[in-house]
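**Q** The primary structure of each chain is shown beneath.
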Amino acid sequence: MTIDGNKIIHAVMEGSRIREAKGIIPLFGVYLSIFSTQYYNRLSFDFEIKMGKSRTAESESLLIQAAQECGYATFHGIRNSWEWEKIVQPMIENKEDQIEGFIAVAVAFGWGDLEVKKLVPDEKLVIRVGDSYEASGYLDRYDPAGSGKCYMLRGVAGAFMDLIYGEDYPDGCFAFTAEEPFCRAKGDVYCEFIARKSSG
Amino acid sequence: MTALNWQKELSREGHRVVFSGQPFTMHCHHYNMNLQKTLEDTLGEEGVQLLFQSAEESNYNIFRHLIDQYNQIKTTKSKLEMAATLFQYCGMGVIHFQTTGPSGGRIVSPSSHHVTGWLAKYGRRHTPGCHFTRGWIAGIMATTYNRPLGEYIVEETSCKMMREPECVFNVTTHKT
Ligand SMILES: [Zn+2]
Ligand SMILES: [Zn+2]
Chain S
105 MTIDGNKIIH AVMEGSRIRE AKGIIPLFGV YLSIFSTQYY NRLSFDFEIK MGKSRTAESE
165 SLLIQAAQEC GYATFHGIRN SWEWEKIVQP MIENKEDQIE GFIAVAVAFG WGDLEVKKLV
225 PDEKLVIRVG DSYEASGYLD RYDPAGSGKC YMLRGVAGAF MDLIYGEDYP DGCFAFTAEE
285 PFCRAKGDVY CEFIARKSSG
Chain P
886 MTALNWQKEL SREGHRVVFS GQPFTMHCHH YNMNLQKTLE DTLGEEGVQL LFQSAEESNY
946 NIFRHLIDQY NQIKTTKSKL EMAATLFQYC GMGVIHFQTT GPSGGRIVSP SSHHVTGWLA
1006 KYGRRHTPGC HFTRGWIAGI MATTYNRPLG EYIVEETSCK MMREPECVFN VTTHKT
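Which chain is which? The protein sequence lines are S and P, in order. Following the numbering used here, the numbering of the first sequence begins with 105 at its first residue and continues without gaps. Following the numbering used here, the numbering of the second sequence begins with 886 at its first residue and continues without gaps.
Pulled out of the complex, with its shape left as it was, chain P reads as follows (with noise of 0.2 Å):
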């Protein structure tokens, strides 16, 4: 088990939502699903990159302020294993990283907020649609292997949103 404290991380100043010290916000699976499909549309592959690199931006931030905070987290497991906890404690899902290292590696995700969310909402899609998640782990693949920003390139190469069994992410680096 991970040392992430959520009843103290997710806390209220006043009318603010804090996690960890910084501002967060609740929304529903109707927004952020809105969200998405009016940048898809309006952008295209343009508004795929903004979400994706919205996600991985702010978690990047958040992720490396939580392992500032918890410096008894030293190894990269613990710290994939924290993240993975702070995925399911933001009501993002479950998600598992199998075999990652700092080149890259596979990532798997049984079931999500943007899954079960997408498909309420808009029903099955003919494309991969996880791309805050993907955002979401570049962000924690660059923290934990104290790489920048924008070095991990995540592919989505199965979607549950497609009615594919899971989500399966495919990380590599700029590099390789």
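For reference, chain S alone in the conformation it holds in the complex (with noise of 0.2 Å):
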């Protein structure tokens, strides 16, 4: 059966708007903010510009680290949820549908247009996105980048396939190792992400 988005989306609207006494979003097992993506792009590029060029890909790593060990703690809660078990459990049939469980999940966070190009079970995942916010936001506020700067999209990859094809939870994390070959943020029609097994 494929997984029908829609369903996810209208899950997690509905969600969204319950919170409780003391104004938090308790769902799929964490607990949700809504909140503007200038505060996120401000906080992963300034962070980036201040680390200084020499540390280039110290920040990097440490933005996608933060993204791809969150991604991961995020996504088991997420499937250990009642939320899934009701609502997305019943549309999958294989361990491969999972990561298209996942896909929606984050559409419906508002993540982008996240789209699996390509799976190769416990080897290759491609996602494609032609709307990420931080491309979006790259953009806005500076010029054209040299490199891929969807950090957070680039740590949740790697992060899906750690969750199937990892060890079992909480010791498959970084598994695999997700990179960026477009990016919207240096002129490319749209960002890709390719995870693969991590060397080493």
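Incorrect hints may appear among the rest.
Pairs of lysine-lysine, BS3-like flavour, derived with a Cα cap of 25 Å [said to hold, decoys possible]:
{"id": "1", "chain 1": "P", "residue 1": "Lys-1060", "chain 2": "P", "residue 2": "Lys-964"}
{"id": "2", "chain 1": "S", "residue 1": "Lys-228", "chain 2": "S", "residue 2": "Lys-301"}
{"id": "3", "chain 1": "P", "residue 1": "Lys-1060", "chain 2": "S", "residue 2": "Lys-126"}
{"id": "4", "chain 1": "S", "residue 1": "Lys-199", "chain 2": "S", "residue 2": "Lys-221"}
{"id": "5", "chain 1": "S", "residue 1": "Lys-111", "chain 2": "P", "residue 2": "Lys-893"}
{"id": "6", "chain 1": "S", "residue 1": "Lys-290", "chain 2": "S", "residue 2": "Lys-154"}
{"id": "7", "chain 1": "S", "residue 1": "Lys-301", "chain 2": "S", "residue 2": "Lys-221"}
{"id": "8", "chain 1": "S", "residue 1": "Lys-199", "chain 2": "S", "residue 2": "Lys-301"}
{"id": "9", "chain 1": "P", "residue 1": "Lys-922", "chain 2": "S", "residue 2": "Lys-154"}
{"id": "10", "chain 1": "P", "residue 1": "Lys-962", "chain 2": "S", "residue 2": "Lys-126"}
{"id": "11", "chain 1": "P", "residue 1": "Lys-964", "chain 2": "S", "residue 2": "Lys-126"}
{"id": "12", "chain 1": "S", "residue 1": "Lys-126", "chain 2": "P", "residue 2": "Lys-1006"}
{"id": "13", "chain 1": "S", "residue 1": "Lys-111", "chain 2": "S", "residue 2": "Lys-190"}
{"id": "14", "chain 1": "S", "residue 1": "Lys-126", "chain 2": "P", "residue 2": "Lys-893"}
{"id": "15", "chain 1": "P", "residue 1": "Lys-922", "chain 2": "S", "residue 2": "Lys-157"}
Derived by calculation from the structure, the hints in this document are not laboratory data.
Fit the two chains together into the complex; they arrive one by one in their own frames, and the hints show the way.
**A** Shown next, in the form of structure tokens:
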């Protein structure tokens, strides 16, 4: 069965309107916040700037790692939640369908128009995104970049593979690593993420 | 009650999440806390400043836009009520503007996304940790009292991340 993304979007939009007396949104096993993309973009890109040119590789990998660790914990929580059990699980027939479920949740969260282009089980995942908020935010604020700028999505692409093909939670994080060969922030027409097994 | 129509304001344009016409996104406590920790651990005070300024600037823009939309909201009291509602609707928690005026004030938060998220993920802190909320407050104050960005200093004098009973914020201006 294919995953019906609209059902998931509907569940997220409904769930995000329910907050407990403390003003907190518990949804899919995590606490959710809804905030401006400008906040996240400034945080990431100014962090890079403050780290300076000599520490570019370090700041990139810190931002990707933060997203991958979180994607790993978040989507582990999500696939063990009652909402997943009720709404997504009935549409899942095999391991690979889980990725489609994750993608639908990421779209529902407003991370972009993610689409799986290719999935080779246990080997490779290719995700294409035509409208990543990170690339849009980068272009709003700076001149075109020399490399990919969608660190959050890059970490998350690795995390999706970690969760399906890595060791059991919590030992499988960083089993996969994603690259972003194409990014709108550097003038490409879309962003593309390729996750492969980590070396070493 | 404030007039903020959340059902209308939070919507979708295809794959995008929009709030009052502005691009929004949903993230969970894992990501928010991890970003904060990364910035604090790597850049120290400069990272803390960046958390504050990013929240201040983005919230200033959100709230400015909202106030322009709801022109029936004119008094400072109703603006601050709308701000508290916004905080809650965004899943950020509960906030009370106890005593506030153009030169500052005292603001209390008995519960928040950042406190719950931080304690769940990293446990008790030894220093106040609600840098996002401090910046968020600075953005609201600047909009409400028609002051420029960067005008308000927000200090957290007590923080639930340190297991104190509430987060308490003391606001002053650079002029005082
Ligand atoms: Zn990109
Ligand atoms: Zn606090």
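**Q** What hint numbers does the structure not satisfy?
**A** Violated: hint 3 alone.
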